[in-house]
Amino acid sequence: MASGSTKNMSNNNNASVKNDKHHVTPPTTVKTAGESGRVRVAVRLRPKNADDLISDADYFDCVELQPELKRLKLKKNNWSSESYRFDEVFTEAASQMRVYEAVAKPVVEGVLNGYNGTIMAYGQTGTGKTFTLGKLGKDDASERGIT
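For the sequence shown, the tail end lands on 147 under UniProt numbering, and the numbers increase by one without skipping.
Simulated from the structure, these hints should not be mistaken for laboratory data.
Ideal placement from N, C-alpha and C gives every residue a C-beta, glycine not left out.
Don't take each hint at face value.
Below, computed lysine-lysine pairings styled on BS3-like, alpha-carbon distance capped at 30 Å [as the list claims (entries may be wrong)]:
1) K105 <-> K70
2) K73 <-> K105
3) K129 <-> K48
4) K48 <-> K70
Cβ-Cβ distance ranges computed for the label pairs, FRET-style [what the hints assert, rightly or not]:
5) S80 <-> P106: 33 to 39 Å
6) V41 <-> S80: 34 to 40 Å
7) G114 <-> L74: 38 to 44 Å
Let the sequences and hints guide you as you build the complete structure.
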């Protein structure tokens, strides 16, 4: 809507309400980096920590990663499973640098070139979000996360 224009809107009582507030016209295009600005999804399997190794002596791996196919397979039980495809799949052996190069670097470069970009980590508590995105007490720069 152009600045200074008026618009008639109806409220719940079917009465006409005049809206004469000034509006700023939004830009007609938004710059986005990447493949048409689409959301890309990557999955990273966290390695077992000391607590996992101690508490799960009879540990059953319920996740199978297939990085070459960019696929993750969830094993429901001994006989069935479900597969999911992602833009990137990282095993527990993936380095911080590998994750940065594949996921964050294109976004950072796009932002530096004037495009919009967001990197978000999502997951259950204890799944490695802080490790991937942040330093988490590591002094060695090669062990630091994306930020």
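Hints, one by one, checked against the model:
1. K105 <-> K70: The hint holds at about 19 Å.
2. K73 <-> K105: 27 Å, holds
3. K129 <-> K48: 14 Å, holds
4. K48 <-> K70: Holds. K48 to K70 sits at ~21 Å (cutoff 30 Å).
5. S80 <-> P106: 33 to 39 Å: 36 Å, holds
6. V41 <-> S80: 34 to 40 Å: Hint violated: Cβ distance 24 Å, outside 34 to 40 Å.
7. G114 <-> L74: 38 to 44 Å: 39 Å, holds
The structure shown violates just one earlier hint, number 6.
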